[in-house]
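Engineer: Residue numbers (numbering that gives the first Met the number 0), protein chains in the order written: chain A, 0 to 182; chain B, 0 to 459.
Since the hints were derived computationally from the structure, they do not count as laboratory data. Here a beta-carbon is modelled for each residue, glycine too, at the ideal position from N, C-alpha and C. Mixed in with the good hints there might be a few duds.
Simulated pairs of lysine-lysine, DSBU-like, Cα-Cα distance not exceeding 30 Å [what the hints assert, rightly or not]:
no. : chain 1 : residue 1 : chain 2 : residue 2
1   : B       : K302      : B       : K363
2   : B       : K443      : B       : K121
3   : A       : K14       : B       : K302
4   : B       : K363      : B       : K437
5   : B       : K447      : B       : K341
6   : B       : K121      : B       : K342
7   : B       : K291      : A       : K24
8   : B       : K101      : A       : K14
9   : A       : K33       : B       : K302
10  : A       : K2        : B       : K440
11  : A       : K24       : B       : K447
12  : A       : K31       : B       : K291
13  : A       : K2        : B       : K443
14  : B       : K173      : B       : K62
15  : A       : K6        : B       : K443
16  : B       : K437      : A       : K2
17  : B       : K101      : B       : K363
18  : A       : K2        : B       : K62
19  : B       : K447      : A       : K6
20  : B       : K74       : A       : K6
21  : A       : K31       : B       : K6
22  : B       : K62       : B       : K317
23  : A       : K33       : B       : K443
24  : A       : K2        : B       : K101
25  : B       : K452      : A       : K6
26  : B       : K443      : A       : K24
To list a few chain B residues with every Cβ distance to chain A over 10 Å, as calculated [stated by the list, open to error]:
no. : residue
27  : L142
28  : D252
29  : A255
30  : G316
Listed below are the residues making up each chain.
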Amino acid sequence: MTKLNSKIPVGPIEKQWDSHRFNLKLVNAANKRKYTIVIVGTGLAGSSAAASLAELGYNVLLVSYHESPRRAHSIAAQGGINAPKNYSNDGDSIYRLFYDTVKGGDYRARESNVYRLAQVSGNIIDQCVAQGVPFLASTEACWTIGPSGEHRCPERFTHADKRDSNCSLVPIPHSAGRWMRER
Amino acid sequence: MDAGKVKFFPRREMLDLVVADGQARGIVARNMVTGALETYQGHAVVLATGGYGNTWYLSTMAKASNATAVWRAYKRGACFGNPCFAQIHPTCIPQSGAYQSKLTLMSESLRNDGRIWVPKKKGDTRPPQDIPENERDYYLERLYPSFGNLVPRDVASRRAKEMCDNGYGVGPTKLAVYLDFGDAIKRNGRHWIEEKYGNLFDMYHEITNEDPYRLPMRIYPAIHYTMGGLWVDYNLMSNVPGLYVIGEANFSDHGANRLGASALMQGLADGYFILPYTIGDYLATETFQSLKETDEPFQRTTKDVTERIGRLLSVRGKTPADDFHRELGKVMWDNVGMGRNKKGLEAALKEIPKIRNAFWKDVKVVGTADSLNSELERAGRVADFLELSELIARDALHRQESCGGHFRVESQTEEGEAKRDDRNFTYVAAWEYAGDGKVPKLHKEPLKFDYVKPSQRSYK
Ligand SMILES: Cc1cc2nc3c(=O)[nH]c(=O)nc-3n(C[C@H](O)[C@H](O)[C@H](O)COP(=O)(O)OP(=O)(O)OC[C@H]3O[C@@H](n4cnc5c(N)ncnc54)[C@H](O)[C@@H]3O)c2cc1C
Ligand SMILES: Cc1cc2nc3c(=O)[nH]c(=O)nc-3n(C[C@H](O)[C@H](O)[C@H](O)COP(=O)(O)OP(=O)(O)OC[C@H]3O[C@@H](n4cnc5c(N)ncnc54)[C@H](O)[C@@H]3O)c2cc1C
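Kindly generate the complete structure, drawing on both the sequences and the hints.
Structural biologist: Encoded structure:
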């Protein structure tokens, strides 16, 4: 009989991911090359996983029906990536993105997953840049509200022209797969 | 960086998951150029295969996007989470003919400066420039004074459909509303709009042959994203050990409605920052039997795939797979689309098996298995949509509440907004395959809200 266990960590939500990670077992660096991971899909999700796992030293077999990772659906994205920049470092922008996402999802997502998403996504842009994912250079590089402004709290609307750094929206990765070809 | 560790295999379509000793250990894929079936083995399998929006036939997704990878994994035991949660995007270029196979999305950022309206008079056929200001209904601004044109996707989409259903639609098909930049151009000048949206305006012009600097755009909602997907735990692992699912393919973070610009965020968060940690824990704790391509699990799965391809080719019918897909899409859009009710969903659950049976009796697939054969690819994908669609309708029927993109007509507030039933439905619905022709088993994963207290969303 299948039993589903969501494995959601206990404890205060801000600490869950860190303490969970701390408790995860690690594969010894020298042993990583003994493992092979099959990844299907070369959109942004599959490509970023392939890059990270290979960087850690695993063997990755990456399979896709596209002829080149550049063609994945992810590059059709027009709006951009929503990522909180936690400049003030008080956790507020993380909490806000978390709050908006849980509420926007109409309370049918796991709080713990969404909090983690808000928490780690602050690093996404830096990581993409480090991996060589180019973004369209644009004067709009720091929009203050999402493309639709959805679920942004009213304060954010009124501040929409002030370019506050709580939630910057960065234009699309022009070719998600560029780093792949460079490997 | 440790280069050379990624081996890329393009033009391969995964057609099955290999499970050995209860662990996901690889896949069977078809080489789309030679037609050969190939196996790929590993200690874990990661599906990053995107969403299943094309189940509705017309969507903003790439024409090739399909659900085969997740559906095959489902049939090997992975639970499917919230299949009925799909997002309908309000700003697409309306369909112009029945033979169109893909819808074009106009960026939602347009809603920052465009105003959405329909004529106040039903069935008004005057061109937009001849409809004076006081005869226009800026319905989002009227209904939602504080959010106006920036209400969330589900709300904007539903209202547009409602306007059209009630006879206020515009354009040749009457299935469209106006998105008007007249005021923004007057206020800031054409140059400002060009700077901000120039390429989108050009794209619109190219497709519709109408100049949006002079005339308002026409837009209509379309299926755009699927929040549902394979069920995963906090580690992004499905209930099949060693099978990880990331990006749009999993169900995890967006609940019943996804916010703008957060799909890429989630896919990248999964791939860069979460999976690399959690997969290590699995590899470090599990023991693995050594496996070869010639071993039973790979042989057996390859045989299953071969038989399935053989079945598709042996029908030798007269109707192209795309025709069945289009028919399915219509049933899905009409009954499992923006406004869902018991009667329509039950009708869909009757119709879908009929289309599926007709498909297996009469699908036309020319060519052979052992060479490039796009018809065969298409037919295999449609066959899977014809099964997944039934699960979507079943899930939508069972969830007798409205939430996010899932709008059950029976469950709405007095103002016509989605009304959740938190007492009975605060859970993830995870469906487990029970065999062909059998009702899948429903698992409920309860959800708890310790931080963000559930409230009625309001955008007034
Ligand atoms: C027009 C459009 C605009 C969008 N704009 C935005 C935006 O601005 N911001 C945002 O955040 N999101 C946006 N989205 C949503 C976002 O683009 C997708 O959710 C996201 O790209 C999904 O990424 P992914 O990596 O999970 O999957 P995808 O990018 O869909 O990639 C799936 C991959 O899996 C492969 N694959 C699938 N099945 C198989 C199989 N059986 N065998 C082998 N390979 C297979 C494909 O070849 C492909 O490489 C938009 C979506 C659309 C359609
Ligand atoms: C930035 C932010 C930080 C928060 N920090 C914490 C925290 O540290 N601990 C905790 O337990 N809860 C925190 N919350 C949650 C919050 O305090 C309550 O859950 C919320 O006030 C519920 O009130 P409501 O239902 O009346 O608001 P709703 O009706 O749900 O919200 C109305 C609007 O106001 C916005 N909003 C609501 N609360 C805030 C707020 N506090 N600041 C800015 N905008 C808001 C919402 O985004 C929404 O658009 C935070 C929320 C936000 C947005």
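Engineer: A separate judgement is required for each hint: does it hold in the structure or not?
Structural biologist: Now for the hints, and whether the structure bears them out:
Under the criterion of a C-alpha separation no larger than 30 Å, the hint pairing B/K302 with B/K363 is consistent with the structure, at around 23 Å. Between B/K443 and B/K121, the direct Cα distance comes to roughly 45 Å. Violation of the 30 Å bound is thereby established for this hinted pair. With a CA separation close to 48 Å, the supplied pair A/K14 and B/K302 exceeds the 30 Å bound. Distance check on the hinted pair: B/K363 and B/K437 sit about 27 Å apart at the alpha-carbon level, within 30 Å; holds.
Straight-line distance between C-alpha atoms of B/K447 and B/K341 comes to about 28 Å, which keeps the hinted pair within the 30 Å bound. Restraint check for B/K121 and B/K342: the C-alpha separation of about 28 Å stays at or below 30 Å, so the hint holds. A distance of roughly 27 Å separates the Cα atoms of B/K291 and A/K24; the hinted pair therefore holds under the 30 Å criterion. For the suggested pair B/K101 and A/K14, the alpha carbons sit about 44 Å apart, so the restraint of at most 30 Å is broken.
Using a Cα cut-off of 30 Å, the hinted pair A/K33 and B/K302 holds, with the two alpha carbons roughly 29 Å apart. Restraint check for A/K2 and B/K440: the C-alpha separation of about 11 Å stays at or below 30 Å, so the hint holds. Distance check on the hinted pair: A/K24 and B/K447 sit about 27 Å apart at the alpha-carbon level, within 30 Å; holds. For the suggested pair A/K31 and B/K291, the alpha carbons sit about 20 Å apart, so the restraint of at most 30 Å is met.
Between the alpha carbons of A/K2 and B/K443 the distance comes to roughly 10 Å, so the proposed pair stays at or under 30 Å and holds. Using a Cα cut-off of 30 Å, the hinted pair B/K173 and B/K62 holds, with the two alpha carbons roughly 25 Å apart. For the hint pairing A/K6 with B/K443, the CA-to-CA distance comes to about 15 Å; that is within 30 Å, so the pair holds. Straight-line distance between C-alpha atoms of B/K437 and A/K2 comes to about 19 Å, which keeps the hinted pair within the 30 Å bound.
For the proposed pair B/K101 and B/K363, the alpha carbon gap of about 22 Å is at most 30 Å, so the pair holds. Note on A/K2 and B/K62: the hinted pairing is violated, with a Cα-Cα distance of about 36 Å set against a maximum of 30 Å. With a CA separation close to 14 Å, the supplied pair B/K447 and A/K6 stays within the 30 Å bound. Pair hint B/K74 plus A/K6 holds up; C-alpha atoms about 23 Å apart against a cutoff of 30 Å.
A distance of roughly 16 Å separates the Cα atoms of A/K31 and B/K6; the hinted pair therefore holds under the 30 Å criterion. A C-alpha spacing of about 23 Å is found between B/K62 and B/K317, which places the hinted pair at or below 30 Å, so the restraint holds. The hinted pair formed by A/K33 and B/K443 fails the criterion: a straight-line CA distance of about 37 Å is larger than 30 Å. Taken as a hint, the A/K2 and B/K101 pair is broken in the structure, with Cα atoms around 39 Å apart against an allowance of 30 Å.
Proximity of B/K452 to A/K6 is assessed by CA-CA distance (about 22 Å); at most 30 Å being required, the pair is judged to hold. With a C-alpha separation of about 29 Å, the suggested pairing of B/K443 with A/K24 holds against the 30 Å cut-off. Non-interface status of B/L142 relative to chain A is upheld: no Cβ of that chain comes within 10 Å, the nearest being about 16 Å off. The beta carbon of B/D252 is not kept farther than 10 Å from every beta carbon of chain A, the shortest such distance being approximately 5 Å.
In this structure B/A255 is not separated from chain A by more than 10 Å, as the shortest Cβ-Cβ distance comes to only about 4 Å. Every C-beta of chain A lies more than 10 Å from that of B/G316, the closest at about 25 Å, which supports listing it as non-interface.
In summary, the numbered hints that this structure violates are 2, 3, 8, 18, 23, 24, 28 and 29.
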